[in-house]
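Engineer: Keeping the supplied structure of chain Z fixed, place chain H upon it in accordance with the hints.
There are 2 protein chains.
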Amino acid sequence: MSEKTTRFDMVKARHKRRLDDAIKNGEADELICGLCKLINSKKNFFTSSSCSGRIILLGIKGTGKKNAYFHRKWHSKVNFAEVWSALSEKTKGTIWFKMESFIIHIGALNKNDALKVLEIKNKAGIKRGGIISMKPGKIIVELIGTEDIAIPVKVGSKIIVSESFMHEAVNQANKKMEENLKRLKVFESAVKGGLK
Amino acid sequence: MSEKTTRFDMVKARHKRRLDDAIKNGEADELICGLCKLINSKKNFFTSSSCSGRIILLGIKGTGKKNAYFHRKWHSKVNFAEVWSALSEKTKGTIWFKMESFIIHIGALNKNDALKVLEIKNKAGIKRGGIISMKPGKIIVELIGTEDIAIPVKVGSKIIVSESFMHEAVNQANKKMEENLKRLKVFESAVKGGLK
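Protein chains in written order, with my numbering: chain Z, 165 to 360; chain H, 165 to 360.
By construction, these hints were calculated from the structure, which means they are not laboratory data.
Bear in mind the structure is a predicted one, so any value in this text is a computation, not a measurement.
Any given hint could turn out to be false.
Where chains are identical, the list cannot tell them apart; a pair therefore holds if satisfied intra-copy or between any two copies.
[Said to hold, decoys possible] Simulated pairs of lysine-lysine, DSS-like, Cα-Cα distance not exceeding 30 Å:
| id | residue 1 | residue 2 |
| --- | --- | --- |
| 1 | Lys-360 | Lys-180 |
| 2 | Lys-346 | Lys-356 |
| 3 | Lys-262 | Lys-346 |
| 4 | Lys-302 | Lys-180 |
| 5 | Lys-356 | Lys-230 |
| 6 | Lys-287 | Lys-299 |
| 7 | Lys-241 | Lys-201 |
| 8 | Lys-256 | Lys-201 |
| 9 | Lys-287 | Lys-262 |
Just chain Z, with the same shape it has in the complex (with noise of 0.2 Å):
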């Protein structure tokens, strides 16, 4: 066995107990479960942290990353009460509602591994998405959905939107959800008919 398979068979091994362990304790994203299983079952190929998509509401209490938390958060549709009524507790900062699609880590053996996964997304519709690190039996392909809202809806105590904007806002971010699922559906099709 060459030193690049035993790396990528220990990588794989090690991200495949984590999705198992996160199954077992009920903190999987359900959604993109079949689709990591599926990926993992694929002798060349396995999956690091993915996200099937999602809707939030995403606190920012100043600049950068440090200073954003989820003030709620689903990997569904969303029913405008449950928003409104979120949006009305006390946060901090400047609320944003977004709605984010899928991303997916796909980890591949070889060069030509990953780009048969290319393959597969220019064929499944993704448009966003390439290989983001190539080290010797760790090459990792990143795949990323397009359908995408962010809004500000809350500046310190005040709900700057209607109820009649958020109806449509949660209405569109539905819409979006909506596909954004189905174009995962394409891939895990696709990625049942072409890798092996």
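Structural biologist: Using the frame of chain Z, we list chain H on its own:
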């Protein structure tokens, strides 16, 4: 000269010509021209399609990219009155107010050159991007900023946001445009010091 080098040089010459033409015709995105010229001055690198970031009013008449159109497009900060007045004009479908970060495509001769770009990208704090295609003599790295806003602001003939909300949205878009351009400058410095 190897076949690989010949192909790289041909592709690089074509993209350089296209950039020069765009500059001559005043069609080039000025804010990114300096960076593009800098990258093109490096032996093993070139830029193809790139954008410094933009604030747009995007119309969506149905589903799919074919049904999207630019109602307005700015490669700079905007002022409220300009946006609000554009919004009041006759439009079709749903209008989104969006701030989109830079997107840069860099061609590299070799795998190691491409990895060098990724290294510099990480050093400059650019989170998104990767190698999106790899052919002998034509490796393309895509870099994308992450400062984004996307807000549905008009449905049919009805503006669904208030003037005071739109003031805040424009304010946030301008702030994000500034962050975005700062990040580009950091990347430009990193290119100066890091790419040969």
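Engineer: List, from low to high, the hint numbers that the structure doesn't satisfy.
Structural biologist: 8
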